[in-house]
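2 protein chains.
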Amino acid sequence: MTDVDGNPGILSGLRILEIGHFVAAPFCTRLLADLGAEVIKVEPPAGDPVRSWGVQIDGVSPWWSMHGRNKRCITLNLKHPEGIAIAKALAAKSDALIENFRPGQLAKLGLGEDVLHALNPGLVVAHISGFGQTGPDRDRAAFGVIGEAIGGLRHLTDHAPGTSDLPPVRVGVSIGDSLAGLYAAFGVMAALWNRDRRTREGASEAPPRSIDVALTEAVLSMMEGVVPDYGVLGQVRQPTGSRIATAAPTSAYPTRDGKWIVIAANSQPLFAKLAALIGRPDLVDDPRFLTNVERVENVEALDATIADWTRSQEANAAAEALARADIPATLVYTAAEIAGDPQFRSRGMVREVEDPHFGKVLHAGIVPHIPQAPGKVRWPGQPVGSQTETVLKEILGLDAARVSELRASGAL
Amino acid sequence: MTDVDGNPGILSGLRILEIGHFVAAPFCTRLLADLGAEVIKVEPPAGDPVRSWGVQIDGVSPWWSMHGRNKRCITLNLKHPEGIAIAKALAAKSDALIENFRPGQLAKLGLGEDVLHALNPGLVVAHISGFGQTGPDRDRAAFGVIGEAIGGLRHLTDHAPGTSDLPPVRVGVSIGDSLAGLYAAFGVMAALWNRDRRTREGASEAPPRSIDVALTEAVLSMMEGVVPDYGVLGQVRQPTGSRIATAAPTSAYPTRDGKWIVIAANSQPLFAKLAALIGRPDLVDDPRFLTNVERVENVEALDATIADWTRSQEANAAAEALARADIPATLVYTAAEIAGDPQFRSRGMVREVEDPHFGKVLHAGIVPHIPQAPGKVRWPGQPVGSQTETVLKEILGLDAARVSELRASGAL
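Order-wise, the sequence lines are chains A and B. Counting from 1, position 365 in the first sequence corresponds to residue 365 in the UniProt record's numbering; the numbering is continuous, with no gaps. Counting from 1, position 220 in the second sequence corresponds to residue 220 in the UniProt record's numbering; the numbering is continuous, with no gaps.
These aren't lab readings, by the way, just hints derived from the structure by calculation. One or more of the hints may lead you astray.
Pairs count within a copy or across copies, as identical chains cannot be separated in the list.
[Unchecked claim] Taking lysine to any residue pairs in the SDA-like style, the calculated list, with each CA pair at most 20 angstroms apart, reads:
{"id": "1", "residue 1": "K360", "residue 2": "W379"}
{"id": "2", "residue 1": "K88", "residue 2": "R200"}
{"id": "3", "residue 1": "K273", "residue 2": "R15"}
{"id": "4", "residue 1": "K108", "residue 2": "K393"}
{"id": "5", "residue 1": "K93", "residue 2": "A319"}
{"id": "6", "residue 1": "K108", "residue 2": "V284"}
{"id": "7", "residue 1": "K360", "residue 2": "G110"}
{"id": "8", "residue 1": "K273", "residue 2": "V293"}
Keep in mind that this is a model prediction, so the values were computed, not measured.
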């Protein structure tokens, strides 16, 4: 099921131009590249600042090995007219362009959609920003933590009202940016599918070819019934800490060795199994815990009883005992447990990748998994501009002399 | 830019069969339906149990109005041979099938991929499950809270180690399920693009047409540098509560009226503006706060000083003052602030939808936003089986007598 060039990804044959930085646009293009698309990442001569985020070894971050994988890294000086000319020439030969600068920024540089579509009517252009390309807030600075709070995620990521004086928690990764990138990847593929179908059917009109993803909106779209429940009932959903508002017991419980174990035993048979396992078969006949209704009402007492047991156990032993009893449960995984998980390993979702800088690096795998064409890590994140010359030769037909000239002029 | 039938979505012309329940598969198909695909949702005669989740009015949840929107709801009894026969006939006339039963369940019912692909070689089949269709854990029960903990999200959604005895927090929505659904939507569009391109190019081999999304893996893929940092340096990323490990000040701060306000003033100029606004211009020359390095080291003292100011303010007044001073900040939005946000309203991301059951319902909008073809809410979530007859007539050509027969036999 591999294509002619040995690339097994289903997006082989697509060329994507990334003029992006930080997380959202590069995450979008990584998803596309993982499935086989040719991604050309355009960076300024100093490189995408994300390269210097997080822990570094000799100026390179292990994260970059993954965040930049499968992309062809070139430099262009977009403040130089010849840099812009090359960006245009590449856009003319691409299927999609993904960008995440402030709204209007690319147009100011001379890369507005009108210009790009005059060159290439079929180019899908995906814009990712904090608040979107239109509306009163379009020019607000796009900070992930701000967008996550506006989308509703921060409020719900907290202990129940009155439980704690500590502030609501930030999810410890740039979840809003990654969500926006994932939505952009979905939108780009939807638009390309539409474009190619129209072409096949001989449509004369240009296809819809602009995708406008806002971080705030990507987050909001994850909020389930929060908006309709408020609209119909005026009900403001509140956070519930480690628990679920309508089911018990389900929470994270502390273990003797200072870890946490998640247990979800909120059906009648699961609760009976749990009660037996923790040596408290009496709980199933306790009027406080008779059905889910009573258990939710008396959840503090119930969770305290379960925690009495978990606190007496080492985390691994508790996890094994729960698994033997067929009760849904798991350690709260840190990087260490993720790296060692047999299921992740068996599906290539944690895999060793050769990297000239680090030797071997663990990468997360390719999602979604497509068994007949799983894509692959063709190479890890490259140094700034390492394919500038190759790309300009191969795609634009420039010769070495011309590339040197451009480099001397400051366009690259 | 509307299509012939007045449907402006770019996925118009696609037919998607959903044999799913709860959150992940239905969320995937909602995304596709929002962009114009025809989605046929197959439910057992008793309906998808998700219909009874959350708050209800006369047995219908406001969430269902949104979760089920734009879908054609039909019932099939998949334990009845004629129910299976109809499912097959519909699959033969669809572009993709999305399911989220336990791995192997559909095959046991007689709807395995071999059967489906014999009927329809171009059918893309997306499976969503807790752990994936292969590997030692494939048969483990798929609980969202378990998958989120295994993917690494729960560990990082917590206060910094030693700060609190409370357990790590669950994000208050089914984020893992929604992520899996979004990845499936991306995968389906990638596979359909590939299928149609191959067809156009006259490929003789069948295209890759199976998508295998695991909730655990969808979550893991959001974890940025967690896996590579561990692989290269043995570093286990730890949660940082409301803050960011490498920048200060950025956190949520309490206000006089018991709300929280997020402030991200972690650059030198922003910090100076903030110090001036809170009446503490001296802070910029304080040796504890001179640069980001010192601010991160002394973040407890810094955040306490900022909180002294926010505690003296009403939340709305503080937000306005921060906005005037051009400092990135926001209230932590609840449903109420989301519903009233002018930016969300101006982009249709919070919109009123007519619903025969509720009158008007607020829905979240359509993401990604595609300006030339934004899709629309054609109808809200329908009652169980409300289009069974129409769909069987229109797509399979059955007449009313045959439908009655099927109904009498218990197949519907």
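Against the structure, the hints come out as follows:
1. K360 <-> W379: The answer is within: 12 angstroms in one copy meets 20 angstroms, while 52 angstroms across copies does not.
2. K88 <-> R200: Result: close neither inside a copy nor across copies, 26 angstroms intra and 28 angstroms inter.
3. K273 <-> R15: Neither: 54 angstroms inside a copy, 44 angstroms across copies.
4. K108 <-> K393: neither (28 angstroms within a copy, 54 angstroms between copies)
5. K93 <-> A319: Answer is neither: 54 angstroms inside a copy and 46 angstroms across each miss the 20 angstroms cutoff.
6. K108 <-> V284: neither (68 angstroms within a copy, 35 angstroms between copies)
7. K360 <-> G110: neither (41 angstroms within a copy, 44 angstroms between copies)
8. K273 <-> V293: Intra 18 angstroms, inter 51 angstroms, cutoff 20 angstroms: intra-copy only.
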